[in-house]
Amino acid sequence: MENDIVIKGKKEGLEIILNDKDSIDVLCEKFKNTINTSRSFFAQNNMFVTFTGRNFKPGEKKILIDLAEKMGFNIKYSYNVLPDNEEIFENNDTCFVRKIIRSGQSLYYKGNIVIVGDVNPGGEISATGNIVVLGTLKGSAYAGVDNDYNAFIAATTLEPLQLGIGDLISYAPDTDPKTKLNMPEIALIRDKMIVIEPYKTLF
Amino acid sequence: MGEVIVITSGKGGVGKTTTSANLGTGLAMMGYKVVLIDADIGLRNLDLLMGLENRIVYDIVDVVDGFCRVKQALIKDKRYDTLYLLPAAQTKDKDAVTAEQMKKLCEELKEEFDYIVVDSPAGIEQGFKNAIAGADRAIIVTTPEVSAVRDADRIIGLLEANELKNPKLILNRIRQDMVNRGDMLNLDDVQEILAIDILGIVPDDENIVISTNKGEPAVIEGTSLAGKAYRNIANRITGKEVPLLELTVTETFGDKLRKFFGLKKK
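If you read the sequences in order, they're chains D and X.
As numbered in our numbering, residues 1 to 203 make up the first sequence, in order.
As numbered in our numbering, residues 1 to 266 make up the second sequence, in order.
Here chain D stands alone, though its shape is the one from the complex (with noise of 0.2 Å):
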């Protein structure tokens, strides 16, 4: 089996390349070989990583984030366009990202992520803690990746296309809702159904 799985260091983080035509299967193999032959690459901890190449199913990038955590290698970030430093702040286990989500960007967390901005359709956040979008929330967010079913999403203006917490997945429904509340919106899990409720009621 020939080992196409590329590392590039770059100075905001590491790139790893793989390709599109592997199964998931082959692929964690060959990641797991990379890891293997490469070890100085990823030394150090809570790693900023950016997966290109290949068009992830749902769920797969987290299977590689798992697989190189069991490896004893912590990979904080994902990234699918690596940001600029003033874009994206940390502290303690939040990430605080100042720029807009757009069609085809991807961000993982391990932790809580708030936005300050929009995540457009097509764009995609995931963390393993709670998602807060100072702004609207067009494209889809999965929160508590981990299987946390006490995660929340919330957003200023709440207009997904997906939701997800812990292993449950909502979409938004087919019709228009008409009946949209203008005023800011969480979701989360009662009775193991995806909830969105106003915002307010909670106090």
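Hints listed in this document are in silico derivations from the structure and should not be mistaken for laboratory results.
Be aware that one or more of the hints could be misleading.
Stated by the list, open to error - Calculated lysine-lysine pairs in the DSS-like style (CA-CA distance at most 27 Å, straight line):
no., chain 1, residue 1, chain 2, residue 2
1, X, K129, D, K8
2, D, K10, X, K104
3, D, K62, D, K192
4, D, K8, X, K104
5, X, K104, X, K76
6, D, K21, X, K11
7, D, K30, D, K99
8, D, K30, D, K62
9, D, K99, X, K129
10, D, K99, X, K11
11, X, K103, D, K8
12, X, K165, D, K10
13, D, K8, D, K70
14, D, K10, X, K129
15, X, K165, D, K8
16, D, K57, X, K129
17, X, K104, X, K165
18, X, K129, X, K104
19, X, K168, D, K99
20, X, K165, D, K99
21, X, K104, X, K33
22, X, K129, D, K21
23, X, K11, D, K57
24, X, K33, X, K214
25, D, K10, X, K103
26, X, K104, X, K71
Once you have looked at the hints, place chain X on chain D.
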């Protein structure tokens, strides 16, 4: 030292080539030295819109491969002395030019020209990467359709990743009558998603089809609304402040009568 402007969109058929031809011509009409580069290798069109297809001897691939000098491949426009076209190759494909070669070519042309307008191909593959390689700024063309806006959003993200910040937007093919009926996205809807500066709006105008077929950019002709829109945009590119085009719908007598009696237009 000139400036390289890439015209791009992601989605095909939204008017990249038409915009390139009109803006290039518009800038030349103001007296600037302009070269249009057709980066859509394999599907060359810009020469048709400019009415220069019969003059092509060498093309961009010949230039980067060293078969000829840049000067030999440049085609002088038949109307404006300061306007040149560097045509695409029709027999090669997009991999015939690399991003490095494109960068070098743009640097070379910058020495001599005020504006280098690069017409990008549709898509996000090698052709797109080549087109943006040497660019100093980018103009995104989109139409008021969700698919075109979605692709434009993707392109803005990719431009960001390639260090091309603050692209400007041209909203093309607006039909004001449909906007008024609420059947078409308006400028605000598009800007709400894309959140970038607007460079201009261009109405859907049948004169564009006529001028494309004639090989004469609409910007030259004094009367058409689309031509006026492109003249305004060309002015804005040079830094002048021009208000956005006022798009109004001409009412027929029947419409007025209906309005008078308080009947809604169907």
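Hints, verified against the model:
no.	hint	result
1	X:K129 with D:K8	holds (20 Å)
2	D:K10 with X:K104	holds (24 Å)
3	D:K62 with D:K192	holds (23 Å)
4	D:K8 with X:K104	holds (25 Å)
5	X:K104 with X:K76	holds (21 Å)
6	D:K21 with X:K11	holds (25 Å)
7	D:K30 with D:K99	violated (34 Å)
8	D:K30 with D:K62	holds (16 Å)
9	D:K99 with X:K129	holds (23 Å)
10	D:K99 with X:K11	holds (24 Å)
11	X:K103 with D:K8	holds (23 Å)
12	X:K165 with D:K10	holds (20 Å)
13	D:K8 with D:K70	holds (22 Å)
14	D:K10 with X:K129	holds (20 Å)
15	X:K165 with D:K8	holds (24 Å)
16	D:K57 with X:K129	holds (25 Å)
17	X:K104 with X:K165	holds (21 Å)
18	X:K129 with X:K104	holds (14 Å)
19	X:K168 with D:K99	holds (17 Å)
20	X:K165 with D:K99	holds (12 Å)
21	X:K104 with X:K33	holds (19 Å)
22	X:K129 with D:K21	holds (22 Å)
23	X:K11 with D:K57	holds (23 Å)
24	X:K33 with X:K214	holds (24 Å)
25	D:K10 with X:K103	holds (22 Å)
26	X:K104 with X:K71	holds (15 Å)
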